[in-house]
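Q: Residue strings, one per chain:
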Amino acid sequence: MPAWRNAATERAKRGIGSKSRHTRMSTKQAPESDLREFYAAESARIREEFAARSDGRAAVHGRTALVESIAMRLWKELISLDTAGPQNFALVALGGFGRRWLFPYSDIDILFLHAGGGAERNLKERIASFSQEIWDLRLKLSPAARTLAECEKFDPSNVEFAISLLDCRYLAGDKSLFDRLHDQLIPKLVARESRSIVQRLTDLTHSRYNKFGNTVFHLEPNVKDGPGGLRDYNLAHWLALIAAMEEQGAWPDEATLLPPWLRERFDAALDFLMSVRCFLHFRHGRDDNTLAWLAQDQAAAEKIGAPDAGSLTASDWMRIYFGHARLIHRVGLQLLEEFPAARPSLYRQFQNLRSRLSNAEFAVVDGRIFLQRQEKLTDSELPLRMFRFMARHGLSLSSSAEHQIEELQPALAAAPPKGAQLWHYLQEILVAPHAAEALRTMHSLRLLTPLLPEFQAIDSLVIRDYSHRFTVDEHTFVAIENLHSLRKSQSKWDQGYSELLDELEQPDLLYLALLLHDTGKGTKPGNHIVGGLEIAEVSLARLDLDPPDRETVLFLIAHHLEMGSALRRDIFDPEAIRQIADKMGTPERLKMLCLLTYADIKAVNPEALTPWKAENLWQLYIGAANYLMRSVDERLRGDEDDEVMTHLRTLTPAAGQKLDTFLDGLPKRYLRTQAASDVIRHLDMAGRLDADPVQVDLTRGRHWYELTVVTLDRPFLFARMAGALAAWGMNIVKAAAFSNEAGVVVDNFFFTDRFQTLELNLPEWERFKTSIHDVVMDKADLERMLRDRLRSEKNTAPKVKVETKVELDDACSAHSTLIEVIAQDQPGLLYRVSSQLSRQNCNIEIALIETEGQTAIDAFYVTSGGKKLAPVHQQRVRTALLAELTGT
Amino acid sequence: MTKVEAVIQTSKLDPVKDALHEIGVEGMTVLEARGHGRQKGHTEFYRGREYTVDLIPKIKIELVLADDLVEKAVQTIVTAARTGKIGDGKIFLSKVDDAIRIRNDERGDSAL
Numbered sequence: 002m003p004a005w006r007n008a009a010t011e012r013a014k015r016g017i018g019s020k021s022r023h024t025r026m027s028t029k030q031a032p033e034s035d036l037r038e039f040y041a042a043e044s045a046r047i048r049e050e051f052a053a054r055s056d057g058r059a060a061v062h063g064r065t066a067l068v069e070s071i072a073m074r075l076w077k078e079l080i081s082l083d084t085a086g087p088q089n090f091a092l093v094a095l096g097g098f099g100r101r102w103l104f105p106y107s108d109i110d111i112l113f114l115h116a117g118g119g120a121e122r123n124l125k126e127r128i129a130s131f132s133q134e135i136w137d138l139r140l141k142l143s144p145a146a147r148t149l150a151e152c153e154k155f156d157p158s159n160v161e162f163a164i165s166l167l168d169c170r171y172l173a174g175d176k177s178l179f180d181r182l183h184d185q186l187i188p189k190l191v192a193r194e195s196r197s198i199v200q201r202l203t204d205l206t207h208s209r210y211n212k213f214g215n216t217v218f219h220l221e222p223n224v225k226d227g228p229g230g231l232r233d234y235n236l237a238h239w240l241a242l243i244a245a246m247e248e249q250g251a252w253p254d255e256a257t258l259l260p261p262w263l264r265e266r267f268d269a270a271l272d273f274l275m276s277v278r279c280f281l282h283f284r285h286g287r288d289d290n291t292l293a294w295l296a297q298d299q300a301a302a303e304k305i306g307a308p309d310a311g312s313l314t315a316s317d318w319m320r321i322y323f324g325h326a327r328l329i330h331r332v333g334l335q336l337l338e339e340f341p342a343a344r345p346s347l348y349r350q351f352q353n354l355r356s357r358l359s360n361a362e363f364a365v366v367d368g369r370i371f372l373q374r375q376e377k378l379t380d381s382e383l384p385l386r387m388f389r390f391m392a393r394h395g396l397s398l399s400s401s402a403e404h405q406i407e408e409l410q411p412a413l414a415a416a417p418p419k420g421a422q423l424w425h426y427l428q429e430i431l432v433a434p435h436a437a438e439a440l441r442t443m444h445s446l447r448l449l450t451p452l453l454p455e456f457q458a459i460d461s462l463v464i465r466d467y468s469h470r471f472t473v474d475e476h477t478f479v480a481i482e483n484l485h486s487l488r489k490s491q492s493k494w495d496q497g498y499s500e501l502l503d504e505l506e507q508p509d510l511l512y513l514a515l516l517l518h519d520t521g522k523g524t525k526p527g528n529h530i531v532g533g534l535e536i537a538e539v540s541l542a543r544l545d546l547d548p549p550d551r552e553t554v555l556f557l558i559a560h561h562l563e564m565g566s567a568l569r570r571d572i573f574d575p576e577a578i579r580q581i582a583d584k585m586g587t588p589e590r591l592k593m594l595c596l597l598t599y600a601d602i603k604a605v606n607p608e609a610l611t612p613w614k615a616e617n618l619w620q621l622y623i624g625a626a627n628y629l630m631r632s633v634d635e636r637l638r639g640d641e642d643d644e645v646m647t648h649l650r651t652l653t654p655a656a657g658q659k660l661d662t663f664l665d666g667l668p669k670r671y672l673r674t675q676a677a678s679d680v681i682r683h684l685d686m687a688g689r690l691d692a693d694p695v696q697v698d699l700t701r702g703r704h705w706y707e708l709t710v711v712t713l714d715r716p717f718l719f720a721r722m723a724g725a726l727a728a729w730g731m732n733i734v735k736a737a738a739f740s741n742e743a744g745v746v747v748d749n750f751f752f753t754d755r756f757q758t759l760e761l762n763l764p765e766w767e768r769f770k771t772s773i774h775d776v777v778m779d780k781a782d783l784e785r786m787l788r789d790r791l792r793s794e795k796n797t798a799p800k801v802k803v804e805t806k807v808e809l810d811d812a813c814s815a816h817s818t819l820i821e822v823i824a825q826d827q828p829g830l831l832y833r834v835s836s837q838l839s840r841q842n843c844n845i846e847i848a849l850i851e852t853e854g855q856t857a858i859d860a861f862y863v864t865s866g867g868k869k870l871a872p873v874h875q876q877r878v879r880t881a882l883l884a885e886l887t888g889t
Numbered sequence: 197m198t199k200v201e202a203v204i205q206t207s208k209l210d211p212v213k214d215a216l217h218e219i220g221v222e223g224m225t226v227l228e229a230r231g232h233g234r235q236k237g238h239t240e241f242y243r244g245r246e247y248t249v250d251l252i253p254k255i256k257i258e259l260v261l262a263d264d265l266v267e268k269a270v271q272t273i274v275t276a277a278r279t280g281k282i283g284d285g286k287i288f289l290s291k292v293d294d295a296i297r298i299r300n301d302e303r304g305d306s307a308l
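Residue numbers (this note's numbering), protein chains in the order written: chain A, 2 to 889; chain B, 197 to 308.
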């Protein structure tokens, strides 16, 4: 018999509840040393057993039994020698103690339950002594004293108590009193208050999640309160229990609370987390549940929670942790969303409106997606369509849909969609407003890595960097989320970035670059850019991206740290700005990299993008954008030894001097914006000018048609081409005009086919090209063509009114005057502006035409007589353009 | 003990930090700051909008040192942060009464 039992017997002999005994207790003397020794010895034994087997479940059960034995001992000593007495009073274990989950340093929740009627007053001192003894053992006791009637009342400001009752367990005292609480009162309370309880539980859970950035994937997670921690396991259990009690009006069979396919994985996750929390408590000597880096190293070395695994690095071990935490978090969230009472009614009304989104494949109920077909799925593209649906509408998956989709995983892994088919889906998911959540869910259900196996390298990857808060995969999703959130942001700086995002021609490429930008951290942590580029090459080949698109994505990955690094230099230094601008080459790439930098820094941790950095990044962007605009008309020399020109010479050795002559005098921007294959095509076209003085080429890209005209410069040339396109009903979205020293002009027009003339009538391609040719040669009556077109156009009012602005700038270029026209986009606008410029005796050296929504932003670099425009001439041009555009 | 507050160019943070480490100064507080002295602002036009920056981004370094180290630290900062152009920044020195290490109540120079 242990020493303390003898002592207990001796003390019991002195008489329970005797006045002398209570007097001693009330003076706060230390508990008997034998009891303290017993507790210390038993705790050490539990610790040793844990050290030997790292079995968390055994350790928490062991500590529960130990604390229970002490409580029973004190009960006998201080309250009643008979453990089933006294009448109308009971000792009840609540919360973690109730469910036999006492971690080495966790609190001990107990309830002193009274029948009521004032009898409890007689026990007040004894209860105080009982609590005092436990405190003196340095156990953290959280006692509550309630009558049955008080337990029945639901207090919204103390939902924790109502929840703790769900884990209540009889310890000692009047068993019939406890039975009334357990069998009658709690089921009644839950049936009556389930909505309020779940509503408060939802609020508490969301505020807990907010504290942890709403993600499981922290570099140093909290295994109790963090998303995916033990608290989420409890949450899932409570929600399932409340739902079952509400339905059955009684305590359900615990074994039926979760579906069988989930139970085993859920239990495995619980075992793991229990072991980890025990390990942390023993390691820290207190209730500290943060899995810090040093603790991760030790846990991996000791294979905590994974005794059968082979040798584990800290990263490997953390992946096991995140795998379990992800499952627990997902199930908890799903139960929370599926519980009918979990949302306020306004929210539910909104969600029900969304049921109109249902289609033949997916049903939307309460904001969750269900599959219309309940049988086993075979279509491996269905998950992609579902995630696209999710990304577009911001819906979550129901647990049944999730289970059905999970079952498709092996089929998807065996024969994943590839090439253009996969890119098409991925593209649509990436640009949709809720892309990050859809990608997260795909990843969590193991459906992203079959499509992009390279992503596996950064799955739940912890890279130890003091500034980073999340794992690499989560950082990637947060970065994508940051870009999409720009559209909702009210912050002053975000508005500028948001406008940039709207201006992008191919935002899908930026999102794809973000998705892949840090994959190299999984393969080459020392130089993740090189690693990322190697990975991206493989991914992009699998997605079968067009070569120019591939080049853009690789460029963004290769340079994704450049603008962030530039913030550490003088962002107003012209040389620093020139370097950045030269590296970017084009305004489009500059915009993309600026946005990537914004999203990437902001995803490091919620405070990483300070207003200081956001403003500096913006200043750097506008400095570089202006530099690109101002240096746009610097000319090439045909004999330059520029890297691109050398590359071109090796591609077309036969062209020899002809290439240098063709390039001589073209603006430098021409080489920055044209692919090598395009330059060679233009050179060929220029070589055929002797046979036909107007060379016309028409191609169809993914987004637009591209018309290229190579001819000798002449008055009204650009205007006539713009007019011909307007007469055919084409909408010019982008254009560029370049001319070389010999007067050869290369004009590019990118347009959409508003009336599907070219798309539906292949023979029209030739007629269209001939028409352009004839207009340029002045063989067709352009004015009549335009009148016919404009007559048939419906005059619809614009959705957004754009104020017309005409700005002239003489200082931004060494050779030309810049005229910037901002106006409401409308058919024939470019023709009218460029015709007016020609009438005003302006020679268009370079034209850069952009359309952003309903706003046309046209920049013309013009000369007159080979020089900049004189001030009087500038004034005349400005007045004429304003009159043309506003009728004033 | 002396508190050294140095306002320097953003591009000079790394050189100043490295130079201070070399002379044995390990601890410092770095703040992102904005301001200007005689160096005035900067204006850019973008898309027809004017962006004026009258407070220029700077870095402020704060360190508290034992008095015998102060002059060496000041010289180190000056050498590492100087470009000779306007906008290089300033250093301010002020006396500190005491320092307390929160962890163990150490006071004075030994708390630094």
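Source of the hints: derived by calculation from the structure; they are not laboratory data.
Treat each hint with caution, since some may be false.
Stated by the list, open to error - Sample of chain B residues with no beta-carbon within 12 Å of chain A, all distances over it, derived: (1) E228; (2) P253; (3) L289; (4) I296; (5) N300.
Stated by the list, open to error - Only part of the chain A face toward chain B is listed, based on derived beta-carbon distances under 8 Å: (6) Q299; (7) S566; (8) R569; (9) R570; (10) D571; (11) I572; (12) W613; (13) Q620.
Just so it is clear, CB atoms sit at the ideal spot from N, CA and C, and this is done for glycine as well.
Q: Under the criterion of a CB-CB separation shorter than 8 Å, is A/W613 in contact with chain B as hinted?
A: 4 Å, holds
Q: With 8 Å as the cut and Cβ atoms as the points, is A/R569 at the interface with chain B?
A: 6 Å, holds
Q: Using Cβ atoms only, decide whether A/Q620 comes closer than 8 Å to chain B, and label the hint accordingly.
A: Because about 6 Å separates A/Q620 from the closest Cβ in chain B, which is inside the 8 Å limit, the hint holds.
Q: Any CB of chain B closer than 8 Å to the CB of A/Q299?
A: It is violated, given that the least Cβ distance between A/Q299 and chain B is near 23 Å, above 8 Å.
Q: Would the least Cβ to Cβ distance between B/N300 and chain A come out above 12 Å?
A: 19 Å, holds
Q: At 12 Å, judged by beta carbons, does B/L289 keep clear of chain A as stated?
A: Label holds. Min Cβ-Cβ 25 Å, cutoff 12 Å.
Q: Hint validation: A/S566 versus chain B, beta carbon distance must be below 8 Å. Holds or violated?
A: 11 Å, violated
Q: For the hint on A/I572, just tell me whether its beta-carbon gets within less than 8 Å of chain B.
A: Holds - the Cβ of A/I572 comes within 8 Å of chain B, reaching about 7 Å at its closest.
Q: The output says B/I296 does not contact chain A. Does that hold with a beta carbon cutoff of 12 Å?
A: Answer for B/I296: holds, closest chain A Cβ roughly 25 Å.
Q: Against chain A, does B/E228 hold up as non-interface, every C-beta pair farther apart than 12 Å?
A: Incorrect as stated: the minimum Cβ-Cβ distance to chain A is 4 Å, not above 12 Å.
Q: If I take the minimum Cβ distance from B/P253 to any residue of chain A, is it greater than 12 Å?
A: 5 Å, violated
Q: Using Cβ atoms only, decide whether A/R570 comes closer than 8 Å to chain B, and label the hint accordingly.
A: A/R570 check passes; min Cβ-Cβ to chain B is 4 Å, inside 8 Å.
In this structure, the hints that do not hold are numbers 1, 2, 6, 7, in rising order.
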